[in-house]
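**Q** If you're matching them up, the sequences are chains A and B in order.
UniProt numbering numbers the first residue of the first sequence as 1 and each following residue consecutively.
UniProt numbering numbers the first residue of the second sequence as 1 and each following residue consecutively.
Hints were generated in silico from the structure; no laboratory data involved.
Each hint should be verified, as a subset may be incorrect.
[To be verified] Computed from the model, here is a short list of chain A residues facing chain B with C-beta under 8 Å:
no., residue
1, Ser66
2, Gln85
3, Met86
4, Ala104
5, Gly108
6, Met109
7, Thr117
8, Gly118
9, Gly135
10, Lys136
11, Ala139
12, Ala184
13, Glu185
Heads up, the beta-carbon is just placed ideally off N, CA and C, and yes, glycines get one too.
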Amino acid sequence: MKDTEGYVTADGRQIGGVLMELNNITLKFGGVTAISDISFDIHEGEIRAIIGPNGAGKSSMLNIISGFYTPTIGELWYKGEKRPQMRPYEIARMGVARTFQNIALFEGMTVLDNVMTGRLTHMHAGVAAQALWYGKARAEEIANREIVEKVIDFLEIQSIRKTPVGRLPYGLKKRVELARALAAEPSILLLDEPMAGMNVEEKEDMSRFILDVNDEFGTTICLIEHDMGVVMDLSDRVVVMDYGKKIGDGPPDEVRNNQDVIDAYLGVPS
Amino acid sequence: MLNDIFIAPFADMIAAPDFLLQVLWEGLVSGILYALIALGFVLIFRSSRIFNFAQGIMVVFAALTLVGLHAMGIPAWISVALTLGVMFILAVSIERIVLRPLVGQPDIILFMASIGITLFLIGGGEIIFGGENKVMITEELGIPTGDTVLEPWGGLLILQHLDITVVLVASALVAALLAFLNYTQMGRAIRALGDDHQAALSVGISLQTVWVLVWFIAGIIALVTGIAWGARAGVSFALEVIAYKALPVLMLGGLESITGAIIGGLLIGILEKLFEIYWGQPLLGGNTETWFAFVLALFVLLFRPQGLFGEKIIERV
Numbered sequence: 001m002k003d004t005e006g007y008v009t010a011d012g013r014q015i016g017g018v019l020m021e022l023n024n025i026t027l028k029f030g031g032v033t034a035i036s037d038i039s040f041d042i043h044e045g046e047i048r049a050i051i052g053p054n055g056a057g058k059s060s061m062l063n064i065i066s067g068f069y070t071p072t073i074g075e076l077w078y079k080g081e082k083r084p085q086m087r088p089y090e091i092a093r094m095g096v097a098r099t100f101q102n103i104a105l106f107e108g109m110t111v112l113d114n115v116m117t118g119r120l121t122h123m124h125a126g127v128a129a130q131a132l133w134y135g136k137a138r139a140e141e142i143a144n145r146e147i148v149e150k151v152i153d154f155l156e157i158q159s160i161r162k163t164p165v166g167r168l169p170y171g172l173k174k175r176v177e178l179a180r181a182l183a184a185e186p187s188i189l190l191l192d193e194p195m196a197g198m199n200v201e202e203k204e205d206m207s208r209f210i211l212d213v214n215d216e217f218g219t220t221i222c223l224i225e226h227d228m229g230v231v232m233d234l235s236d237r238v239v240v241m242d243y244g245k246k247i248g249d250g251p252p253d254e255v256r257n258n259q260d261v262i263d264a265y266l267g268v269p270s
Numbered sequence: 001m002l003n004d005i006f007i008a009p010f011a012d013m014i015a016a017p018d019f020l021l022q023v024l025w026e027g028l029v030s031g032i033l034y035a036l037i038a039l040g041f042v043l044i045f046r047s048s049r050i051f052n053f054a055q056g057i058m059v060v061f062a063a064l065t066l067v068g069l070h071a072m073g074i075p076a077w078i079s080v081a082l083t084l085g086v087m088f089i090l091a092v093s094i095e096r097i098v099l100r101p102l103v104g105q106p107d108i109i110l111f112m113a114s115i116g117i118t119l120f121l122i123g124g125g126e127i128i129f130g131g132e133n134k135v136m137i138t139e140e141l142g143i144p145t146g147d148t149v150l151e152p153w154g155g156l157l158i159l160q161h162l163d164i165t166v167v168l169v170a171s172a173l174v175a176a177l178l179a180f181l182n183y184t185q186m187g188r189a190i191r192a193l194g195d196d197h198q199a200a201l202s203v204g205i206s207l208q209t210v211w212v213l214v215w216f217i218a219g220i221i222a223l224v225t226g227i228a229w230g231a232r233a234g235v236s237f238a239l240e241v242i243a244y245k246a247l248p249v250l251m252l253g254g255l256e257s258i259t260g261a262i263i264g265g266l267l268i269g270i271l272e273k274l275f276e277i278y279w280g281q282p283l284l285g286g287n288t289e290t291w292f293a294f295v296l297a298l299f300v301l302l303f304r305p306q307g308l309f310g311e312k313i314i315e316r317v
C-alpha cells in the first residue's frame, strides 16, 4: 500500500507521489474514541474523498489534518517530513487551506476582503511596513490583489465582490469560502462537506468548480461528503469510515462494491 | 420658560456667531479625543470581544510613565519612545498573562479580567510614580503653547496652538488607523478575527500576534490622549474619567463600528459643549458636561439599542 510512486486514474490523469500520509491515527475525547487506528495517504494532484455515515469521524479527521485537533496516537507525514504538533495557523502557513461544514466566513466584511484574508499566509512585509503602506508591503498588497481577482473571476463571483458576506445566500457563501481557501494557493485543499444543504443545481455548480480547480491549478483536494453519488463522480480515491474505523479504501468503483461499505450505508439485515 | 429653552439659545447663537464658533471648536477638540479613545475600545472589542475597562487607566499610565521617565532626566522625545516601549511590553504581558489562559471564556469573565488589569495599573502606577499630580511636559515635547486670535465677523475667536496640534495629530492618527485597518493584510486580520476565530485560524491568522498588536495600538492611543489631555488638565488619576466619557460614545456609535466611534465621539464632544453653554449654564446652573453624554446615550439606546452604527442583532431561528 505504501507506494510512493504516482498512479494513473481511470480517466487517464497522471497522479503524483504521496503528499500527505496519516499513520495509525487514533483520536479520543475522554472515554469516547472518535477515530481508531486509521491510516491512509493523499497523493499529489488527486481528489481524495472521505465518506461515511453521520458520526463516523470524518470531520474529526479533517480537523486533525488542519491542526484543530491533535491525534491521541499516530503521526502525520507531510511533504516527506513528520509534522510536529502545531497550531492551526502555523499549519495554514504550510499550505493547508480548508473550508468548514457550517461556513466560517467573516460576515461583516465584503466578499473581496474575505478572499483577501486568504492571502495572509503569503504576507511577508512587517507590520510597520504595512502600517506605513511602504515599499514591499505595497508591492505585496498589489500582487495579492491580482491573485485574488483571478480567483474571484474563476469562481464567478465578480458581481458580489463588494457585498458584505452576511447578506449572501447560503450557496454563494459556500463559494466565497472556497474562494478564500483557494486564494491561499494551498498545496492541499480540505473541503468539509462542500455540498451540504445545497440544491441539485448548486451541487452541480460546486462539483464543476471542484473539478476545475483540480484541473486548472493541479490542487490536491481532500473532501468530505456524504452524498454518495457526488463523491463517486468527483473523486479519484475514496476512504470509507464507519464508527471511527476505516472500512474501505480505493477507487470509487471498487469501494462501491465493497460489502462492508454497502452494509454501513444500507444496514445489515438481521 | 419655553422661550428660554427653545428660542433664546438660538437667538444667542445667531447674535454672536463668533462665540458659537468658539464653542464648536472647543467641542471638536474634546470630541476628537473621545473618538480616539473610543477607537481603542472598538479595536479591542472587535478582535477579542473584550469590553476593555482598562482603556481609561492606560491613558493615565502612559502619561505617568512619560512624565516619570522625563523626571529621571531622560530627554523628552527619548521618553516618548521609551513609553511606547513600555506600552508594547504591557500589551505583550496582557496577552501572555491574562488573555491567553482565558481564551474561550465567557465575555463577562474577560470583562472582569480587564477590571483586574485596571486595578493592577492603578496600584502599579502609584507605587512607581507616586500618586500626586504632575505637569505634562508640553514645552519639552515642542508642542506650541501660544494662541492665534481670529476675528470672524468682527468678533473674537481664540484658537490655542495646543488645541490645534491636538486636532491635527489626533486626526492624522485616526486617518492612519482607518487606512491600516481597511487597506492592509494585518488590518484585515484584525477585522477578521472579531468575526470568526475558527475561520481566522484556518487562514493563518495568529490570535496572539493580533491581540498584542491591538493592545499596543490601544497603548499608542492612550499615550497620545494622555499627552493631549495631560497638557490641558495636568497628569493625575482623575484623567481616567475622560475614558469613561468614551462609554456613551460607544453606546451612541455601536460597539463594533469604527465609523460609529469617530462620529459618536465628535457628536458628543460638540453637543455637550453646546448644551453646557447655551442651556446648561443659564438654566441648570452649569456643569452639565459630566452627565450630558450619558443622558444622550440613554436616549439613543431607547430607540436604537444597537447604537447608531452598530450591527443589528438578528436572531434566526
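**Q** So, for every hint listed, does it hold in this structure?
**A** Against the structure, the hints come out as follows:
A cut of 8 Å between beta carbons decides the hint on serine 66 of chain A: the least distance to chain B is about 7 Å, and the hint holds. Hint on glutamine 85 of chain A is violated. Least Cβ distance to chain B is approximately 15 Å, over the 8 Å limit. The closest approach between the C-beta of methionine 86 of chain A and any C-beta of chain B is roughly 11 Å, which is over the 8 Å cut-off, so the hint fails. Interface restraint check: alanine 104 of chain A against chain B, minimum CB-CB distance 3 Å, threshold 8 Å, status holds.
Of the supplied interface hints, the one on glycine 108 of chain A holds, with its beta-carbon coming within about 5 Å of a beta-carbon of chain B, less than 8 Å. The interface hint given for methionine 109 of chain A is met, as the beta carbon of that residue sits about 6 Å from the closest beta carbon of chain B, less than 8 Å. Given the 8 Å rule on beta carbons, the hint for threonine 117 of chain A holds: about 5 Å separates it from the nearest Cβ of chain B. Evaluation of the glycine 118 of chain A hint against chain B yields a held restraint, the C-beta minimum of about 6 Å falling below 8 Å.
Hint status for glycine 135 of chain A: violated, given a least beta-carbon distance of 13 Å to chain B, over 8 Å. Interface hint at lysine 136 of chain A: violated, since its Cβ lies 12 Å from the closest Cβ of chain B, which is beyond the 8 Å cut-off. Taking 8 Å as the C-beta contact cut-off toward chain B, the hint placing alanine 139 of chain A at the interface is violated, the least distance being around 13 Å. The beta carbon of alanine 184 of chain A is positioned within 8 Å of a beta carbon in chain B (closest approach about 7 Å), and the interface hint is therefore held.
Checking glutamate 185 of chain A against chain B: minimum C-beta separation of about 12 Å lies over 8 Å; hint violated.
Checked against the numbered hints listed earlier, the structure breaks hints 2, 3, 9, 10, 11 and 13; every other hint is satisfied.
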